[in-house]
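Chemist: Chain residues, written in single-letter form:
Protein chains: 2
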Amino acid sequence: MALRTGAKLLMSCGFLLRRPGMRTLRAAHWRNAASVTTSHQTPRTSDLSSFAFRSHTCGELRQAHVGQEVTLCGWLQYHRHDMFLVLRDFHGLIQVVLPADEDGSHLKEMMNAVSLESVLLVEGTVIPRPPGQENSKMATGDIEVQAKEVHVLNTCRKLPFEIKDSVKKSESLRMQYRYLDIRSAQLQYNLRLRSRMVMKMREYLCNQHGFVDVETPTLFKRTPGGAKEFLVPTQEPGKFYSLPQSPQQFKQLLMVGGLDRYFQVARCYRDEGSRPDRQPEFTQVDIEMSFVDQLGIQRLVEGLLRYSWPEEKGTLPDPFPTMTYAEAMSSYGVDKPDTRFQMKIMDVTAQMRTLSLGFVQEALRKSHGCVKAIRVPEGAIYLKGRALDSILQLIKNKYNQDIMAVIVRSDGSWKSPLGKNLSEELQKALAGTTGAKAEDLLLLAAGPHDTACTALGKLRLELASKLEECGVPLCDPNTFHFLWVVDFPLFLPKEENPEELESAHHPFTAPHPDDMELLYTDPTKVRSQHYDLVLNGNEVGGGSIRIHNSELQRRVLQDVLKEDVNLLSHLLEALESGAPPHGGIALGLDRLISIIVRAKSIRDVIAFPKSFRGYDLMSNAPDAVSAEDLQSYHIQVTPK
Amino acid sequence: MALRTGAKLLMSCGFLLRRPGMRTLRAAHWRNAASVTTSHQTPRTSDLSSFAFRSHTCGELRQAHVGQEVTLCGWLQYHRHDMFLVLRDFHGLIQVVLPADEDGSHLKEMMNAVSLESVLLVEGTVIPRPPGQENSKMATGDIEVQAKEVHVLNTCRKLPFEIKDSVKKSESLRMQYRYLDIRSAQLQYNLRLRSRMVMKMREYLCNQHGFVDVETPTLFKRTPGGAKEFLVPTQEPGKFYSLPQSPQQFKQLLMVGGLDRYFQVARCYRDEGSRPDRQPEFTQVDIEMSFVDQLGIQRLVEGLLRYSWPEEKGTLPDPFPTMTYAEAMSSYGVDKPDTRFQMKIMDVTAQMRTLSLGFVQEALRKSHGCVKAIRVPEGAIYLKGRALDSILQLIKNKYNQDIMAVIVRSDGSWKSPLGKNLSEELQKALAGTTGAKAEDLLLLAAGPHDTACTALGKLRLELASKLEECGVPLCDPNTFHFLWVVDFPLFLPKEENPEELESAHHPFTAPHPDDMELLYTDPTKVRSQHYDLVLNGNEVGGGSIRIHNSELQRRVLQDVLKEDVNLLSHLLEALESGAPPHGGIALGLDRLISIIVRAKSIRDVIAFPKSFRGYDLMSNAPDAVSAEDLQSYHIQVTPK
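The listed protein sequences derive, respectively, from chains E and D.
Yeah, the first sequence ends on 671 if you go by this note's numbering, and it's all consecutive.
Yeah, the second sequence ends on 671 if you go by this note's numbering, and it's all consecutive.
FYI, nobody ran anything at the bench for these hints, they're computed from the structure.
Just so it is clear, the structure is predicted and the values come from calculations on it, not from any experiment.
Intra- or inter-copy, both count: the list cannot distinguish identical chains.
Here are the simulated EDC-like pairs of lysine to aspartate or glutamate, each with C-alpha atoms no more than 20 Å apart in a straight line:
id : residue 1 : residue 2
1  : Lys270    : Asp654
2  : Lys344    : Asp635
3  : Lys189    : Glu582
4  : Lys270    : Asp660
5  : Lys189    : Glu604
6  : Lys489    : Asp420
7  : Lys189    : Glu607
8  : Lys489    : Asp366
9  : Lys259    : Glu533
10 : Lys671    : Glu659
11 : Lys231    : Asp78
12 : Lys231    : Asp244
13 : Lys270    : Glu659
14 : Lys556    : Asp481
15 : Lys259    : Asp660
Produce the entire structure from the sequences given, and follow the hints as far as they go.
Modeler: As structure tokens, this is what we get:
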């Protein structure tokens, strides 16, 4: 029956090129089924051809297979000299030789009529390539397959672009024909690496550490003021679900429920309109556990990443380095430092204090006034003139912070807007602190600590990117610098009203145990038990130890944040019902994978991404819905 | 730092009961971290206490642990005789003995003030129970823990119900306090088994057979006429996403994209309003592969289920039995036969033809007219009088099919509405065909084949359920009967207009290769390459070989189904772009797990289910949204 169905299927669906004496299609898919499925051991390598028409993938044949009869399925990549086909699947390329005899000439003729990217099934024998004709650039280049039969399983129209990574195509064309783009080696690699890495994460969490994979709802109650949440109208008039931004409440409730090690590769939603490199739906590896402290979660996540890290991407340190928020801000001017390169922010207040110039003295008189500097090695060579000016102007526009550029010429003399004010003594003092030497560029900012650091932090990244553009290698592209940033402030002044406080992360974050008293005296000084995981200057994860005491939670919500606690009454009630101490983290999977595969955008690690305006360019979603169809949802579109 | 944080944390969050000379809390979470995380081998058992405050779970201590110092975390289940605590976690119960000395009396006094379900951390030593005091009903009943310290990590208010499986509570109360319900041993078992089984499925698909886990979008384009789809308004006026009912289009596009073995544990959505035992969001194990035929998918799924099947639930056959749709309908009157018990539908047309009674002759004159029967062994004992009548009336109401009940008395004589018409000869003929003997009940239906079978099929299930109620064991509760149903019709007449055809499953289903010609001559006779997987009479999966030829797909959509092909132009275009032959399946995970754990409802295998009206009773979702908040979505609620 299998044989019959298989052959019928082939015949029913396009061309079938038969040579005289063609054998019935072999049912390659029975080969290993029994032996594979009864073993409960994870094999070293997967069986990529089980249950399928093929016996092997196009990429796996080698010298050792010579003499074997094989069945291959794939796409026609090339057609060479009327004699060779190159067949492609996700695994690689293989050269197929058409028979030279009379039957073969019929086959050749028919193959000439078949377009590239048609789907073929080839039956034949693996033979060595004639001496001298091996192709060392091809993994299968030592051999080729002498075809006995070629079946055309499906033909292909003229495509909008060739399936070759080398062929340039616009991103909108790639998105419109995503199913063609997915055939590219790069996207195959990205999506397969993502799958593989998530699988390893699951093994680590589920099999090694007893975590339970729990699916939480995505149709949930709207968060009051949750402007970034998608709404979902229901069949009940005026009632809406909301698509949550994270399973935060559910994972805490699971802890209260005694399901004390939870994880989920969770779909999350954020309605942000047009934002570059964000997606309206995204995925996070969501983890929560009970009876754990901050360091416990950090070690768990480090183990998780080491275990799931792709072999070809090197190894990760044990443990990961940790930096406080305060240090990150003062040395890197940002809470997610890219520690792959130096150019750290240095304090030169003491040295510059001697300078009687007005703007320096004025800056120092301000609260937390200081002078900060970064040194760009060889910066004088690569960063000058208009290019440098435009970067400094960008910083000025963004942070209202003047930056002073000081150049150390190749002869060791210094050049700066300060003229003679930059005395030899001051030059010496600055060189002593910053290590400035010939060809270096020093950039100084005078002002309040946070502003100066933030501006220099942004400048540091801009300069690094400029230097990389100029071909100065700052970072080894194969380097992955993980970093924990800890001891964040628990509260921040609200932007619109700095007298009021809001949570730096979310209101369920526990205060640092050393700062518990400050909660009553000076909440702005309370550090939190929040931690961010940073990779190469990108935030790839964040989490915290949560408040498990209902009184403390109520105090934070009511007294500090002035929120209406009734809206979270079910959560407070849960905390009163025997909630264990707990904490967790969420890793941004799309971002993490995109950094690992060095993709330019998270769209390159998502099978069917939305455009930056939130459109699916293939199906043209979102789309209009007729007023009639909207009736059953009890809504209508508001007239403009 | 870890120690400090740990101890501070305990102190910051509730009571801390200290005995003189208390040691600092041991950081149990460092124990195995290094050795576990560096191993890439999946261990036999998970480390359930890694990274946590505890050294062991409450359920794992045994005689072999006697003498060990342990740290346990859990919930206070009982407090006995002023001297014993029973601590509970997901893993089990453990008895803790408070010290009998003077320090202990202080501890006892404080423990008396602590409510049940408070969260405790106990440090102590494992000791054997005094001879004769072992509790064989408790897995840890041979030992107890002599406490040195007890820390109260959190207290518990008076709860709406006790955390004991034996305590009855209404389902709405359970849903409102789902975080308490999850503490029950039954829900812990259900959710953990679900996680474990899904993990095994992933191992099988991903590690053993090279399937790639790909996440597909849930914000997609609305299907024309997709009345059961949820809508999602966007920030663009009048534009809506839709939450798809399955990733069907995406998985086919992945095949066109050469990602030739796809799977996903996919969240799906269906807006059905109030339906018992359905959920607005549900989960399916979604699989698709290329270069495969129907039998290939069936074998793959069988291997998947055998591999992931919980050990404690026995073993599954290899292969699973298969039945055609036609046979299922004629023998069981339903397309998802429960084959755990007999009582199959038998044909007695030949025997009854001799009967000259009007209603029989009339039935036989109809198209496909026949007489069908089922035999209920010992039915005459358990099914009689009003109980039987009401079941027969139910069938009459539902199918407009009269059922005739024939009783074989204990003395072997027959009783029926036919009176003398039921001659001895006919009795003999019927007994010969059906095997009817003393105490049996025979139920006969005369009419068109499909109606008679469907009615008897429903009757069969009703009678079985009645017999089970009467304590007649028809099915071993530990029996799992998987069955493939194949050779479904490809098209069905539309209910509202039987002249027109609609797809029996979906329009992408491939015709049976043997019936390709019928597509042009008599589409109603075309069988499909669709297959359903049935477990104990429930459909737990369905799939098909898909159409990969664009011409065939166009013909089905345009000529047979009379649909507007422009709406699916991107799919037709994809099929023209070198689409491989492909097929797949989707398994309903919620239903599958609920049958395996014998849950009454799928709500018992979902962590946070919605009520049958689609409500989250804990948070009260869905909820009203203010007109002001609706503005940013450009919608308003239609006035009544």
